[in-house]
Each structure stands twice: as structure tokens, then as C-alpha cells.
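K.L.:
Going down the list, the sequences are from chains A and B. 100 is the number of the first residue of the first sequence in our numbering; add one for each residue after it. 1071 is the number of the first residue of the second sequence in our numbering; add one for each residue after it.
Since the hints were derived computationally from the structure, they do not count as laboratory data. No false leads were slipped in.
Dumping the calculated DSSO-like pairs for lysine-lysine here, alpha-carbon to alpha-carbon at most 30 angstroms: (1) Lys105/A / Lys1152/B; (2) Lys1359/B / Lys105/A; (3) Lys1382/B / Lys256/A; (4) Lys1359/B / Lys101/A; (5) Lys1415/B / Lys248/A.
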Amino acid sequence: MKPIIKLLLEGGSLNTAQMAQVLNLSETEVNRQLDELKQQRVLLGFRPVLNLAQEDSGVVRAVIEVRITPERGGGFNRLAERISRFDEVESCFLMSGGYDLLVFVNGSSLQKVAAFVSEKLASIEGVLSTATHFMLRSYKEQGFLMDVKPEEAERLKVAP
Amino acid sequence: MDSSRHIAKHVVNLPKSGIRDFFEIVSKMKDVISLGIGEPDFDTPWHIREAGIYALEKGKTHYTSNLGLIELRRAIHRYVEKNYSVSYRPEDEIIITVGVSEALDLACRALINPGDKVMYHQPCYVSYSPSITLAHGLAVPVPTFAKDHFALTVEALRAAWEPGCKLLMLNLPCNPTGGTCDRTQIEAIAKFAIEKDLVVLSDEIYSELTFEGVHTSIASLPGMKERTIFLHGFSKAFAMTGWRIGYACGPAALIEAMMKVHQYSMLCASIISQEAALEALVRGEDAMKLMRDQYHRRRDFIVRRFNEIGLKCHLPRGSFYAFPDISPTGLSEKDFAVGLLQAEKVAMVPGTAFGQNGKGFCRACFATSYEQLIEAGIRIDRYVQSLAKAK
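Next comes chain A alone, as it looks inside the complex (with noise of 0.2 angstroms):
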């Protein structure tokens, strides 16, 4: 794994002038190499990740597995592009077993996320089936603890 990227997993939110710092780099380069991450769509973006049950914000979260009939040619792979392409849709997966993806929605409201999956993705021709999971409440997302404060164990500042 390139340096940078290794750096973008651990550093958490250091800037590009603190990027430098670490690998030795002038920020230009560092700048550069992220560029190029970016248009070998390695590196696709970047999101906050927040915990929006604090905010109050009423946003409603559904995952949905949907079993869908296979292409000549091109498999899943179609459909699932194409499921991918609604903004309702946070997150689609292919996965083995007993459905075919795995589909992470959100929706301001649960009428609005029931009315997704019927008229929109239930109707696209080539899925079979659909069984929605309305999500009751987070515990960790992209590996943050939702409720739970960072734990400040008591360090000595010094120590042997």
C-alpha cells in the first residue's frame, strides 16, 4: 500500500501541510499524489462521518435485500449499477448467499424509503424480490463508536 494512502487510514484528519510533514514530501507533491489517487478513482472522495441522531435531523436509514436475475454477458453487474444510481442509495453490495445485493437507503422519512423501494426499485425490471430492514439505531459507523465517547483512560504524563 502507497504511503499516502496508509497515512489517509491513520492520520485521521491531518491536512495536506501535516501530510507533508510525516512523509517527507513538499505539500505540492502531496497534492499531487492525492490528484492522481483521485483520477485513478482510488481515492473517491471524502465524507464526514457524523452522528445525525444528536442532530435531530429525522433521517430515515433502510437496508434492503434484493434478489435480482443475472444477464448474459454481464451478470449482476447492470442492474446493480443501475440500482446504484439513485441518490436514495448510500451503499449497494453484491453478496453470496440467499439474495443477490445488499442495498443501504436513507430517506427523510419512512414513507418516503417505503416509496423508493416500491415504485422505484421493486419496479425495475430484473428484480425479483425485495425484503427492506429499517434500521432502528447505530452503534458504529466507519469504525467510530456512535454514543460513546472516545475513552480518556487517565495517562501518566510521564513514565518509566
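Given chain A, work out where chain B should sit, using these hints.
P.N.:
Below, chain B alone, put in the same frame as chain A:
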């Protein structure tokens, strides 16, 4: 009435740890960036903590065998054989202790007769010399130097040796210097130990955190297993300092002797910590390697920064300590550390806290976040420049 007159003479004469003084100053200050710690910044990986919780739930709240849980000793046998190429019988060649510190103390108390001399390289971990003194031995320091990257050389050993030396303590990679020895150097030390009939106490607590080359345990060399006590623990590699869990491996007769002292003082290590340690050995390798890789990258950064700032710093091959030479500033290590703390609120430990051979150096622990290391670099730079201007 002066109650201090009751204290035993050898304890009265024991110097206070240099770290203690410094700790008093730092603990009174707020918002300090501390490079003064001697432990990982990571918390113990969750699966290990969980094993501790599970042990409690299962009612594992009792004594264990004096030597420690046999399952843990078996796991240690496999781990040491795989990683250090030396094999110890779980039944009678391994003892679980309360941290390596206890193992070191047991070895000293079990092996040292009053007046026996014990060689140890210096700068070194703060407890070496006191452990020798408390066991009524005489400490014989052997210097290590920046020009050798703080590796222990056989020449220095030879120069320091005197009749009556019985033991040799090693700590490779070393706290506070990060120095270690390559295989050729270890072979030379082993030959010297055999020639002078020394028993070796080899504290290899930082061995997993070796960044370049392969760590060689002296116990694995021909003729050395029978005269070596291999000391190791979980604190550094598995981020388990607070669990206080370590172990010693060695010839059955020596382990038996250490066990006697252990049995009448500590009895056994905490069963909860032993259960967690077992989890660490069986399933902790991935998390350990992840932490090591991070230390490695942080080391490269901070060592480069010290050299840029003008504080010459050798590249420590192991541990999570950098040991820069602060003598170009014209200050003593203690004045430098106190000055840096007061002017810029960055804590580094004066090298002399680790013995007189640490003169002119400070220890900087890089087991902290990039943000902190970057900020510490900026502040140390500013402080060193202000000293240069004041000259």
C-alpha cells in the same frame, strides 16, 4: 520521632528515580504535549480486553498455579519457539510474572549473592540498577554510545568487566535509546558471556517493535540457553502496560529458584491478566503488527524532525523512543527538558534519568498521534532557535 531512622540502609541509599522529579514538574502543568511516556498510546485491543471481561464473567477470580496458567505457558512456549527460535518446556521452564519488572526482580533475588557484581548497559531502564542493589548486588554499568547507535559492544563489555561479575543484563532493543544489536554483535556478547561464565538476563520487552533487520535473542545462540533467563511481557507489543503481565523462561533450576521467591511474595499474577494475555498470544498478532507499522512511520517522522532541528538523533532500530543529542544547545539535558517544558509545554525526559551515560541526551517517546508529533516538532524547533538567538 523521626520514623525514617527505621528504614533499611540499602533503601535509604537508593537514589530517587530521576523520572520522579520530572514527573512532579510536568504533572502540575496543563495542556502539555507529552513525549515523556514509556508506554503505547494505543489502548489494549478490544478482543484482549473482552477476554478479560469474559474471564470475570466466568468466575475466574481465584489463584492460579504459582507458575501461572498452564494454557498460557503452553502458548508462550509456542510463541517464543516461533519468534525467538528457542524452546522452553511449559511445565518447568516458564514462569508468569507481574510484568517484566517482577521477573527481573525475581531473577536478581534468586541469583545474586551479597557482593556479586552485575553488568548492565547504560543508559537503560530506570529499575535495573536499583533491582541489583535491592538484591544486595553491585551494579557495574557498561556504557553504550551514540556513535554505535547505542548498540552494546563487546569492547565496552570487556573494558567494564571486573573479577566477581556474575550476571549480565541486556535490554535489546533498549529503553531509552532504541538501540539494539545485530546478530554478529549478539554472537560476540554471547561468546564473552561464555568466556566469563556470566548468566545473562535478557529483557526483550521491545523485541516485537524491531523496525529494521531481524531481532536475535541471545538465548537462541549455541550454548546460551543454559545460561540465559529470557524475560518478556505483553506491555509494549500488545499495549497492555496496566495489566502488569510478563514472564521469564530459562533453565528449570533457575526458574524453580525464581518461583520460590515469587511464591512467597507475589504468589501468582492476576488470573484476569493471564487470561487476557492468552488471548493476546493466540489472536493478537495482527493488531500488534498494525501498531508496530504505525510506530515505524512515526519514528521515521520524528527522527527526521530532530535532525532537521539540529538535534542529532540516531535512527532507533527498535522500541518507541527517539534519543536525540541536545548538547548542541549548550544546555544540560535537565535544563533543556525543563526549559522546553516551561517555554513550549513539551515534555521529554532528561537522558540522565536513565543513568549518567544519558548525559547530553533526552528521551522522546513517539507513541503518540501525528498531530501531537507534528506540533511537538514545531515547538521544539522554536525553542532550539530561541536558544540559539539568546547565545
